[in-house]
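Protein chains: 6
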Amino acid sequence: MFSYKVNDEISIELLQQHDKEELYQLIDSNREYLRKWLLWVDKRKSPDDFTSIIPIWLHNYAENNGFDVGVKYNGKLVGMIGLHYIDWKNRATSIGYFLSEDAQGKGIITKCIEALLPYLFIKLKLNRVEIQVAAGNEKSRAIPARLGFTNECVKRDGQWLYDHYEDLITYSLLASEWEK
Amino acid sequence: MFSYKVNDEISIELLQQHDKEELYQLIDSNREYLRKWLLWVDKRKSPDDFTSIIPIWLHNYAENNGFDVGVKYNGKLVGMIGLHYIDWKNRATSIGYFLSEDAQGKGIITKCIEALLPYLFIKLKLNRVEIQVAAGNEKSRAIPARLGFTNECVKRDGQWLYDHYEDLITYSLLASEWEK
Amino acid sequence: MFSYKVNDEISIELLQQHDKEELYQLIDSNREYLRKWLLWVDKRKSPDDFTSIIPIWLHNYAENNGFDVGVKYNGKLVGMIGLHYIDWKNRATSIGYFLSEDAQGKGIITKCIEALLPYLFIKLKLNRVEIQVAAGNEKSRAIPARLGFTNECVKRDGQWLYDHYEDLITYSLLASEWEK
Amino acid sequence: MFSYKVNDEISIELLQQHDKEELYQLIDSNREYLRKWLLWVDKRKSPDDFTSIIPIWLHNYAENNGFDVGVKYNGKLVGMIGLHYIDWKNRATSIGYFLSEDAQGKGIITKCIEALLPYLFIKLKLNRVEIQVAAGNEKSRAIPARLGFTNECVKRDGQWLYDHYEDLITYSLLASEWEK
Amino acid sequence: MFSYKVNDEISIELLQQHDKEELYQLIDSNREYLRKWLLWVDKRKSPDDFTSIIPIWLHNYAENNGFDVGVKYNGKLVGMIGLHYIDWKNRATSIGYFLSEDAQGKGIITKCIEALLPYLFIKLKLNRVEIQVAAGNEKSRAIPARLGFTNECVKRDGQWLYDHYEDLITYSLLASEWEK
Amino acid sequence: MFSYKVNDEISIELLQQHDKEELYQLIDSNREYLRKWLLWVDKRKSPDDFTSIIPIWLHNYAENNGFDVGVKYNGKLVGMIGLHYIDWKNRATSIGYFLSEDAQGKGIITKCIEALLPYLFIKLKLNRVEIQVAAGNEKSRAIPARLGFTNECVKRDGQWLYDHYEDLITYSLLASEWEK
Chain A
1016 MFSYKVNDEI SIELLQQHDK EELYQLIDSN REYLRKWLLW VDKRKSPDDF TSIIPIWLHN
1076 YAENNGFDVG VKYNGKLVGM IGLHYIDWKN RATSIGYFLS EDAQGKGIIT KCIEALLPYL
1136 FIKLKLNRVE IQVAAGNEKS RAIPARLGFT NECVKRDGQW LYDHYEDLIT YSLLASEWEK
Chain B
1016 MFSYKVNDEI SIELLQQHDK EELYQLIDSN REYLRKWLLW VDKRKSPDDF TSIIPIWLHN
1076 YAENNGFDVG VKYNGKLVGM IGLHYIDWKN RATSIGYFLS EDAQGKGIIT KCIEALLPYL
1136 FIKLKLNRVE IQVAAGNEKS RAIPARLGFT NECVKRDGQW LYDHYEDLIT YSLLASEWEK
Chain C
1016 MFSYKVNDEI SIELLQQHDK EELYQLIDSN REYLRKWLLW VDKRKSPDDF TSIIPIWLHN
1076 YAENNGFDVG VKYNGKLVGM IGLHYIDWKN RATSIGYFLS EDAQGKGIIT KCIEALLPYL
1136 FIKLKLNRVE IQVAAGNEKS RAIPARLGFT NECVKRDGQW LYDHYEDLIT YSLLASEWEK
Chain D
1016 MFSYKVNDEI SIELLQQHDK EELYQLIDSN REYLRKWLLW VDKRKSPDDF TSIIPIWLHN
1076 YAENNGFDVG VKYNGKLVGM IGLHYIDWKN RATSIGYFLS EDAQGKGIIT KCIEALLPYL
1136 FIKLKLNRVE IQVAAGNEKS RAIPARLGFT NECVKRDGQW LYDHYEDLIT YSLLASEWEK
Chain E
1016 MFSYKVNDEI SIELLQQHDK EELYQLIDSN REYLRKWLLW VDKRKSPDDF TSIIPIWLHN
1076 YAENNGFDVG VKYNGKLVGM IGLHYIDWKN RATSIGYFLS EDAQGKGIIT KCIEALLPYL
1136 FIKLKLNRVE IQVAAGNEKS RAIPARLGFT NECVKRDGQW LYDHYEDLIT YSLLASEWEK
Chain F
1016 MFSYKVNDEI SIELLQQHDK EELYQLIDSN REYLRKWLLW VDKRKSPDDF TSIIPIWLHN
1076 YAENNGFDVG VKYNGKLVGM IGLHYIDWKN RATSIGYFLS EDAQGKGIIT KCIEALLPYL
1136 FIKLKLNRVE IQVAAGNEKS RAIPARLGFT NECVKRDGQW LYDHYEDLIT YSLLASEWEK
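Chains as they are written, first to last, in the numbering used here: chain A, 1016 to 1195; chain B, 1016 to 1195; chain C, 1016 to 1195; chain D, 1016 to 1195; chain E, 1016 to 1195; chain F, 1016 to 1195.
Check the hints yourself; a few may be wrong.
Treat identical chains as interchangeable: a pair holds within one or across any two.
Stated by the list, open to error - The calculated SDA-like cross-link candidates involving lysine to any residue, where the alpha carbons are at most 25 Å apart (straight line), are:
(1) Lys1091 with His1179
(2) Lys1060 with Ser1191
(3) Lys1020 with Gly1120
(4) Lys1104 with Gln1031
(5) Lys1104 with Asp1117
(6) Lys1121 with Asp1102
(7) Lys1140 with Ile1068
(8) Lys1091 with Val1056
(9) Lys1104 with Ser1155
(10) Lys1104 with Ser1191
(11) Lys1020 with Asp1034
(12) Lys1020 with Asn1105
(13) Lys1035 with Glu1181
(14) Lys1020 with Val1056
(15) Lys1138 with Glu1037
(16) Lys1051 with Gln1040
(17) Lys1104 with Leu1139
(18) Lys1058 with Trp1193
(19) Lys1051 with Asp1102
(20) Lys1126 with His1179
(21) Lys1104 with Glu1036
Hints listed in this document are in silico derivations from the structure and should not be mistaken for laboratory results.
Isolated chain A (complex conformation):
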């Protein structure tokens, strides 16, 4: 119900229990595509697997500790975006996202992040926004690069992926670097 308008085509929206069928369809019809980088995809086998997860996302928001919300393109759920946490002591957060295969190539996530930055830097007064991406995930890495984030770090073996560890690249943008 509650959403944040990115532009005329794109919005991000808090998901509720009655969204779980649509959310499941999104995951299920992109299963092969998404599971490559997202370990949790295999564990979502029915809409009910979201019954206990959706409240967790909203409780995080209630606790001012980030959020996980749906990305809608022309009213259709095409992905999710979120803040994994908000580190209030150090005024930092980390953005994560995924997008369905057929919504790729339209800059949807890039535009979502662009629209989030004023909220993060001005409303929440954060100082540092981070995006961590698996080193081999070229598509995902292009997003922070395009947005002017600095490639700051290779966290070696940072993420377990089925049968091996992936390096994680950290991109970051500081408040002082952000051009409003």
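Model the placement of chains B, C, D, E and F on the given structure of chain A, informed by the hints.
Just chains B, C, D, E and F, lined up with the frame of chain A:
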């Protein structure tokens, strides 16, 4: 950040910690006006009195048990509206609201409720929407009347107000009565 | 063990774990009779279905938020009576009850409520006692009527019952109306 | 409200929030007398010191883990009696009590325990009932002795009392020893 | 990982999740021997039955309320020893233990307790250390006797053991009796 | 009480409530020295400020989610070392530490970490051990460098320190790089 657009002028919006100053200003500058019917007004003596209340509103939303959100008119916080609870067993809810004195007379709350009804009856598949108003609160009573709610009940001595009990009038609208 | 004497034949009594067999027998032998108005009857399929419910009733009592107790007639469990909640802010409560078929016609519940009223109005200093009954439940409606409660309200579609909504009638008695 | 009748003069009764003034008066008017053996007496300095304790007593009862209840003599609160715990694994409990000074000498506690035993041995099916008393507390020791409990144990330095340790005497009665 | 050295051969050690296989092997290979006096042995049917128990032992330690730790002999887990609780009000604790059959006869538990006493009496400033043993468990009773504990009490029918009650003997040692 | 021996002079030890005076002395007598890099130092103004913190450290250990323990040199508390968390999904942890000024220069922390590595890589089967140090903290940075950790990352503005952000350097060691 996350909002629901009612029309070009009006929106309702989940409030967060960084909204507490604006929320306090709204209450404080309407203190005499609001305290007449709202017992909690006297207890809000600084923005920090909302620090522990804002998460409660959001946790309710996370639990699919209603919400309390800000009402914005041309971007300015002018009131609040909410669902006190959602009774899923009987598919019913109860709407509450208040509005600043100078935002009166524009039909703002009426339009908010009108915009909420499709969400309540279609998305949430509720059957019954209730509005309870103190018998003496003429302004507030006009709203459900205008929206075609049925005046269904006088709950005698339903609410304690400083030094006496007020009767509460219940207005209700059933899904079957609602003209989409 | 702990009980409240209504008269020489009738008492109401806090139920404990060791009462669950007797409680189950009461429900099971009145299953058809009780399920007509009580949606939870179908869910009680063995004495153990009360194992987690009995502590809830007692914790409510511990929190000063009402109670659910057994009604005994000549030492035999014949029904239950309770306060669904105590609304301390508005000094109000709501009484609920059921009685086995063969204990009907003796005024047992009427006498229980009569005996509870001094406790509610004097000890707890409540101002308003409410009884909500399904509109079609003639037997149950007769009780508040007989006790001088005012028929105050029809809550349309107030309760879901298997395959339809029932209207709920609210009867109330105020402290000022009660003849001690 | 809920009580257990011992005889025409004596009953034991679950205490509620509205009993805290009477309970405080009992403690306060017997302060010197009671504090000799009860370390917690000094900590009860106003009726409100019972506000958080009364629910604990009732929650214990809800959890089937003993109780602490008032002892009434001709309707007046004169003491308390309780089961400190119920050890369901070993089917054992331990009884504790205190009585105001001017209610002494009437066998009140003795009669209360006598009345509790059928509940403990038959209803709860316990096997062992224990009473622990400070070695120097002659009055208190007389009670289990009079009831045929066996003096079974001296727990050396079992209880800290202001400035020294007291030995504790354990008296016990087994189900097999109890004459119904 | 964290241990307390008793002597060159013996140590006691906080157990962690990765110790559960070794712990299960200890129980499983001594099943007949241990179950005679330990009712919980039958409930441990796989290493995973310790998954939820090991954190309980450590949380007790975190709460300053005793511990349950492994006994190692030349690096091999041969038993467990623990403080069932710490009664800070009365400065008392109770020691429990078990040992594998083939580690018997070496004084392992006796030496562990001997090494624990300075910790209990000096570091924790306890006044009373208790050991409770089933009356029929000769081997176990020999330990407090050898350590100069006083046989202070027979708690009749103190423990349920499969099909009968066992008497429990309490042995105790006071700080004043302990020879450093 | 429970400790892990690093060598004849050095051990690390779980801290308990009775260690809080010694811990406070350590902090208080190194206040100026420690506060430069540790923001929490100013908040510890008496031994009692550790009363609620010590259980948190132990509960973390109970939950298999790292630990914070004292570092002892010849029996004297000279610092602390810990695992901030254990990321079991990715088999990674992060080590933190501080040392009193006059215990510097003896390689104490270096030896502690060296001794922890077999526990982390073999017992816990972790894959990655990380040490994060403020860029300007030369003394602290020397430790992972000396131990062969790889300088992998500069997290820009990673830590708020009184009046400015410090960059954080991440050093890491992988299981495959560790020479046993």
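Tested hints:
1. Lys1091 with His1179: Cα proximity of lysine 1091 and histidine 1179: none, with 34 Å in one copy and 34 Å across.
2. Lys1060 with Ser1191: For lysine 1060 and serine 1191, neither the intra-copy (43 Å) nor the inter-copy (35 Å) Cα distance is at most 25 Å.
3. Lys1020 with Gly1120: Within. Shortest intra-copy distance 20 Å satisfies the 25 Å Cα cut-off; inter-copy 29 Å does not.
4. Lys1104 with Gln1031: Between. Shortest inter-copy distance 18 Å satisfies the 25 Å Cα cut-off; intra-copy 30 Å does not.
5. Lys1104 with Asp1117: neither (39 Å within a copy, 30 Å between copies)
6. Lys1121 with Asp1102: Neither: 31 Å inside a copy, 35 Å across copies.
7. Lys1140 with Ile1068: between (28 Å within a copy, 22 Å between copies)
8. Lys1091 with Val1056: Within one copy, since 20 Å is at most 25 Å while 41 Å is not.
9. Lys1104 with Ser1155: Between copies only: 22 Å across chains, 28 Å inside a chain, cut-off 25 Å.
10. Lys1104 with Ser1191: within (18 Å within a copy, 34 Å between copies)
11. Lys1020 with Asp1034: both (18 Å within a copy, 19 Å between copies)
12. Lys1020 with Asn1105: Classified as neither; 28 Å inside a copy, 34 Å across copies.
13. Lys1035 with Glu1181: Intra 30 Å, inter 30 Å, cutoff 25 Å: neither.
14. Lys1020 with Val1056: neither (27 Å within a copy, 33 Å between copies)
15. Lys1138 with Glu1037: So lysine 1138 and glutamate 1037 pass the 25 Å test across copies only (13 Å; inside, 31 Å).
16. Lys1051 with Gln1040: within (18 Å within a copy, 40 Å between copies)
17. Lys1104 with Leu1139: within (12 Å within a copy, 30 Å between copies)
18. Lys1058 with Trp1193: Neither: 37 Å inside a copy, 34 Å across copies.
19. Lys1051 with Asp1102: Only across copies: lysine 1051 and aspartate 1102 sit 21 Å apart there, 29 Å inside one copy, limit 25 Å.
20. Lys1126 with His1179: Neither, since 32 Å and 31 Å both go past 25 Å.
21. Lys1104 with Glu1036: between (37 Å within a copy, 21 Å between copies)
Against the hints set out earlier in the document, violations occur for numbers 1, 2, 5, 6, 12, 13, 14, 18 and 20.
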